[in-house]
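Here is how the chains run, residue by residue.
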Amino acid sequence: MKKKVMSLLLAVTVSMLMLSGCGNAGKTDNGELNVFIWTEYVSEGAIADFQDQYGIKVNVSTYSSNEDMLSKLKSESEGAYDVLLPSDYAVEYLVAQDKLEKLDREELPNLKNIDDSYLDPSYDPGNLYSVPYEGGVACIAVNTSKVDREITSYDDLFDPALEGQIVVLDDTRAVIGMTARSMGYSMNETDRTVLSEIQEKLMSLKQNVRLYDSDSPKSALISGDCAVGMVWSAEIAMAMEENPDIEIVYPSEGAYVFLDNWVVPKGARNYDNAMKFINYMLSADAAKENISEFPYLCPNKKALELMGDDYVSNQAKNVPAEVIKNGEFVKYLDADTLAVYDEMWTKLKE
Amino acid sequence: MDIERTQKRRIRPDTLSAILMVGPVTLVMVLLVAIPLIYVAAMSFCSIDEFYNVTSDLTMDNYVRLMDADYMRIYARSLFIAFVTTILCILIGYPFSYIIARTKSRRKKVLYMLVIIPFWTNSLIRIYGWRSFLGTNGWLNSLIIALHITDGPIDMLYRNGTTILGMVYCLIPFMILPLYTAIEKLDASLLEASYDLGAHPARTFLEVILPLTSGGIFSGSLMVFIPCLGYFFVSDILGGGNSDMIGNLIERQFQSGNNWPLGAALSIVLILLTLILVKIYQRLGGDMDALGV
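Chains A and B, in that order, are what the protein sequence lines are.
In terms of numbering that gives the first Met the number 0, the first sequence opens at residue 0 and continues consecutively.
In terms of numbering that gives the first Met the number 0, the second sequence opens at residue 0 and continues consecutively.
Rather than coming from a laboratory, the hints here were simulated on the basis of the structure.
One should not assume that every hint holds.
No farther apart than 25 Å at their CA atoms in a straight line, the calculated lysine to any residue pairs in the SDA-like style are these [said to hold, decoys possible]: (1) Lys346/A / Asp56/B; (2) Lys71/A / Glu49/B; (3) Lys300/A / Leu107/A; (4) Lys145/A / Gln252/B; (5) Lys301/A / Ser74/A; (6) Lys73/A / Met155/B; (7) Lys145/A / Ser213/A; (8) Lys330/A / Ser46/B; (9) Lys56/A / Asn29/A; (10) Lys346/A / Leu31/B; (11) Lys71/A / Tyr53/A; (12) Lys200/A / Thr345/A; (13) Lys73/A / Leu31/B; (14) Lys330/A / Gln254/B; (15) Lys73/A / Arg72/B; (16) Lys346/A / Lys145/A; (17) Lys346/A / Lys184/B; (18) Lys205/A / Asp56/B; (19) Lys330/A / Leu31/B; (20) Lys98/A / Asp56/B.
Not everything, but these chain A residues come out facing chain B in the computed CB check (under 10 Å) [to be verified]: (21) Gly183; (22) Ala219; (23) Asp224; (24) Asp341.
Idealized CB from N, CA, C, for every residue including glycine.
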């Protein structure tokens, strides 16, 4: 009996503790905002500043891939989230399904801070539904102390001399896309005969790849396990800080480029707060805070003026504008074509 | 009449308490096992539309796609890796279990704990530990070079062998624990009888010890073999993602492949494969209780 009483007491205490955890600090009289964003991508400080300035309580959920986010969005009821941060092709996919609200330009005066070269993108002409946040490039990292030959292009990664030395992203579209670009094709080819040509070249990459890693490809570069990498520019930026032998190469064929964007899903319950939040994130101060913490490329020209020399003159962080211009975005593919890509990938990883 | 009534009265309190005891478990099993399983099975016959949304158009296409030679090869390799892992676990685990089960030393408990303690750390973290241990600039290579055994670092990571090493490391406790139970139950007087009758140690082992502990080997093998098919993170981290296993295929269909019905079909095949193995185990006289399930 004594045990029962004790366990009951314990249960009550625990549930009280859990309930008390629900209380929130600070003034949040102006409603709330549910944002669903990438992990390790938006500064917590910038979100907290917004919360303090506007008195809006921000509930943050995170995802680690566009596919994660899209499937969560499907399973939740409409209005569960007010702001999302999808990549280019995911914006296109959401627009095609009429899953996004149009953005109210009047409420986004800070949009003028964004450099023109990042506006009016192919995935959302006229930026009706999305505004750019940060982005990057899948480019080449070379450890100059381990590789003799000069590497300038995606095509160089297929050189048999690099056998067992490369780390590539564990990403179907990035690796197949890179192979396509090295042959002068688009990353979004749908023609089956072209795809089988790409497949043939792709298989010659197999012996060169030592490691497929999307989570932290920089570790294999820093430790020296891999001498060459085809990874995200921000990963290379971090690897360069740890290992001075590492250099960044922007492929001559034009790189895989990505941009992540603020959007508002259909049926958002707090549309007005969402506009305030997006506008705040477009401000120079917030963008500076985000870029300082997560050194991806910065489309915000006002924030760029505030950044120190270590960012501006760093090629891996401050990706040159022409790289973006010559690059290509991944597009979403119809289900049948995606199945072909998936089969190509299965053959490579078999 | 009278007897019936007394019987009724006698049964009723029992049934009530039985329902109270079994009810919650049944409910949990239905909610968390039966319904998800039916959901996965139903999903495996669905199709997807151009936006990869699951639609209720029933089809066998997903299973037809699985007959593809590429998938078959990946299945075959997964089974091969699981088989090699199981054999290695038996070869390493048996002598170890025998020693801790038969020792009269006071260190018996310590030895037993040495198997259990690593369990307290997440296996993912331990696998990452192996990666930094075996890397080009890892501890092992630094030691080898410092001792002048070789000039340069040895390439140990991202190979099939590394995957198997990680699997054996992760799963060997599942082999040792049932073996330990089986060997500890061994009646010492039978061994004495064998020696008294003039059998030498090898013959005693093959004709007395091994048959009596085969139950432990069977249940250990099953508990190593089945998880091995699904531990895709080991081949991702230590194998470098160079050779997919069944688990990788399933994971990918729910991610970049964006084809949930195909992923569901792959899962169903894995479940069937597991069921067949359990059936074989039962046929061989295996005891389901020994599996601890």
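Verification of the hints:
| no. | hint | verdict |
| --- | --- | --- |
| 1 | Lys346/A / Asp56/B | violated, 28 Å |
| 2 | Lys71/A / Glu49/B | holds, 18 Å |
| 3 | Lys300/A / Leu107/A | holds, 16 Å |
| 4 | Lys145/A / Gln252/B | violated, 37 Å |
| 5 | Lys301/A / Ser74/A | violated, 38 Å |
| 6 | Lys73/A / Met155/B | violated, 43 Å |
| 7 | Lys145/A / Ser213/A | holds, 22 Å |
| 8 | Lys330/A / Ser46/B | holds, 22 Å |
| 9 | Lys56/A / Asn29/A | holds, 8 Å |
| 10 | Lys346/A / Leu31/B | violated, 35 Å |
| 11 | Lys71/A / Tyr53/A | violated, 28 Å |
| 12 | Lys200/A / Thr345/A | holds, 15 Å |
| 13 | Lys73/A / Leu31/B | holds, 22 Å |
| 14 | Lys330/A / Gln254/B | holds, 16 Å |
| 15 | Lys73/A / Arg72/B | violated, 34 Å |
| 16 | Lys346/A / Lys145/A | violated, 29 Å |
| 17 | Lys346/A / Lys184/B | violated, 49 Å |
| 18 | Lys205/A / Asp56/B | violated, 37 Å |
| 19 | Lys330/A / Leu31/B | violated, 38 Å |
| 20 | Lys98/A / Asp56/B | holds, 23 Å |
| 21 | Gly183 | violated, 24 Å |
| 22 | Ala219 | holds, 8 Å |
| 23 | Asp224 | holds, 5 Å |
| 24 | Asp341 | holds, 5 Å |
The structure is inconsistent with the numbered hints 1, 4, 5, 6, 10, 11, 15, 16, 17, 18, 19, 21, although it conforms to all the rest.
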